[in-house]
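Given the coordinates of chain Y, assemble chain W with the ligands onto it according to the supplied hints.
Residue numbers (the UniProt record's numbering), protein chains in the order written: chain Y, 1 to 199; chain W, 1 to 199.
No lab work stands behind these hints: they were computed from the structure.
The reader is advised that the hints may include incorrect statements.
So the derived label-pair ranges between C-beta atoms look like this [stated by the list, open to error]:
#1 Y:P144 x W:R37: 22 to 32 angstroms
#2 W:A120 x Y:P174: 43 to 53 angstroms
#3 W:Q96 x Y:P5: 12 to 22 angstroms
#4 Y:R37 x W:G115: 17 to 27 angstroms
#5 W:Q96 x Y:G117: 46 to 56 angstroms
#6 Y:A150 x W:Q45: 58 to 68 angstroms
We treat Cβ as the ideally placed atom computed from N, Cα and C, and that holds for glycine.
Number of protein chains: 2
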Amino acid sequence: MSFSPLIRQLIDALRILPGVGQKTAQRMALQLLERDRSGGLRLSQALATAMQGVGYCQQCRTLSEEALCNLCSDTRRDDNLLCVVEGPLDVYAVEQTGYRGRYFVLKGHLSPLDGLGPEAIGIPELLQRIEAGQFAEIILATNPTVEGEATAHYIAQSLQGKGMALTRIAHGVPLGGELELVDGGTLAHALAGRRPMLG
Amino acid sequence: MSFSPLIRQLIDALRILPGVGQKTAQRMALQLLERDRSGGLRLSQALATAMQGVGYCQQCRTLSEEALCNLCSDTRRDDNLLCVVEGPLDVYAVEQTGYRGRYFVLKGHLSPLDGLGPEAIGIPELLQRIEAGQFAEIILATNPTVEGEATAHYIAQSLQGKGMALTRIAHGVPLGGELELVDGGTLAHALAGRRPMLG
Ligand SMILES: [Zn+2]
Ligand SMILES: [Zn+2]
Numbered sequence: 001m002s003f004s005p006l007i008r009q010l011i012d013a014l015r016i017l018p019g020v021g022q023k024t025a026q027r028m029a030l031q032l033l034e035r036d037r038s039g040g041l042r043l044s045q046a047l048a049t050a051m052q053g054v055g056y057c058q059q060c061r062t063l064s065e066e067a068l069c070n071l072c073s074d075t076r077r078d079d080n081l082l083c084v085v086e087g088p089l090d091v092y093a094v095e096q097t098g099y100r101g102r103y104f105v106l107k108g109h110l111s112p113l114d115g116l117g118p119e120a121i122g123i124p125e126l127l128q129r130i131e132a133g134q135f136a137e138i139i140l141a142t143n144p145t146v147e148g149e150a151t152a153h154y155i156a157q158s159l160q161g162k163g164m165a166l167t168r169i170a171h172g173v174p175l176g177g178e179l180e181l182v183d184g185g186t187l188a189h190a191l192a193g194r195r196p197m198l199g
Numbered sequence: 001m002s003f004s005p006l007i008r009q010l011i012d013a014l015r016i017l018p019g020v021g022q023k024t025a026q027r028m029a030l031q032l033l034e035r036d037r038s039g040g041l042r043l044s045q046a047l048a049t050a051m052q053g054v055g056y057c058q059q060c061r062t063l064s065e066e067a068l069c070n071l072c073s074d075t076r077r078d079d080n081l082l083c084v085v086e087g088p089l090d091v092y093a094v095e096q097t098g099y100r101g102r103y104f105v106l107k108g109h110l111s112p113l114d115g116l117g118p119e120a121i122g123i124p125e126l127l128q129r130i131e132a133g134q135f136a137e138i139i140l141a142t143n144p145t146v147e148g149e150a151t152a153h154y155i156a157q158s159l160q161g162k163g164m165a166l167t168r169i170a171h172g173v174p175l176g177g178e179l180e181l182v183d184g185g186t187l188a189h190a191l192a193g194r195r196p197m198l199g
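Pulled out of the complex, with its shape left as it was, chain Y reads as follows (with noise of 0.2 angstroms):
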């Protein structure tokens, strides 16, 4: 037994969607059918819309369908400030921080398994809007991953003697854990990074 042919295809389609499983799609599928077809026809526009209408910033490579992102045309965030973050995702994360300088996206990080070297990921890019711009600082928020600290350092080897300082975000103990859940790494780094209390 099987679904009707507009049904497995709308189900197989489904599937492209991060996390979601043939039972989940089947689910989705049937409940969109049965419930809230509106609801169903609205995502249909809002997907090919998006696709077709969404590219990336002219100055950050954040996605964005203006040629200058929100972020970047914003006239009141600090110039002396660039954080570089491995996609779209980090700057939203970045953001709920507090943080109000200015970014560059990198497409992901150094691979050079997979043939991604620097001109794949967008260094050329981001060492241009460097030299556009009049940054003291550029803090590097790629991943705490080995793919993402080896572009961390690509990164900070390019703009040596450049005259800005160049700081990487801290590895540590996350909060609200408990130390006993932490991996050894983790905890190595949070040892060694260890700041004096009391000012």
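For chain W with the ligands alone, kept in the frame of chain Y given last:
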């Protein structure tokens, strides 16, 4: 900070999918935009086609774009058996068991508090379907919930004395579980419905 308008619209639209909250919708939207725009366009197309093209089988009332679904039009199935379920996903579940009779798909279950009486869930059409057929047995496979039980009872009473067997799927302990994790009501049903072993 926020995403650009088109991305925001896409995130909002994705949240109509069952089980998809704000964070999941963000990840879905950005992943499609960053990595699979052609997949996103295929999903857009599949949604539009299905929402507009899928109707209901005239005979069993399951979702189908044909007047007769592939289960109803299959002449090799057993015309003596009719299995009554609450929705199209249940048809799929029952098919997995090897059942090869006919189906009738209600629109959910009786729910007087929500104003859903026999007409709202398609019981008149079920009775017509039964009149038009020559069923020896009607298997009531509504959900093992209070509402599903009430719906099965209502249908059984409506069909009493019409000469066909009326059966209800068995309640009991699910296969592969541990007895201590089974709730008391289920275990009581399993005890009451105990059957002789060794033939
Ligand atoms: Zn920008
Ligand atoms: Zn049918």
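For each hint, the structure was consulted:
1. Y:P144 x W:R37: 22 to 32 angstroms: The hint (22 to 32 angstroms, Cβ to Cβ) holds, given that Y:P144 and W:R37 are roughly 29 angstroms apart.
2. W:A120 x Y:P174: 43 to 53 angstroms: 51 angstroms Cβ-Cβ, so the 43 to 53 angstroms window holds.
3. W:Q96 x Y:P5: 12 to 22 angstroms: holds (20 angstroms)
4. Y:R37 x W:G115: 17 to 27 angstroms: holds (21 angstroms)
5. W:Q96 x Y:G117: 46 to 56 angstroms: holds (49 angstroms)
6. Y:A150 x W:Q45: 58 to 68 angstroms: With Cβ atoms ~40 angstroms apart, the hint is violated.
Hint check: a violation occurs at hint 6 only; the rest are consistent with the structure.
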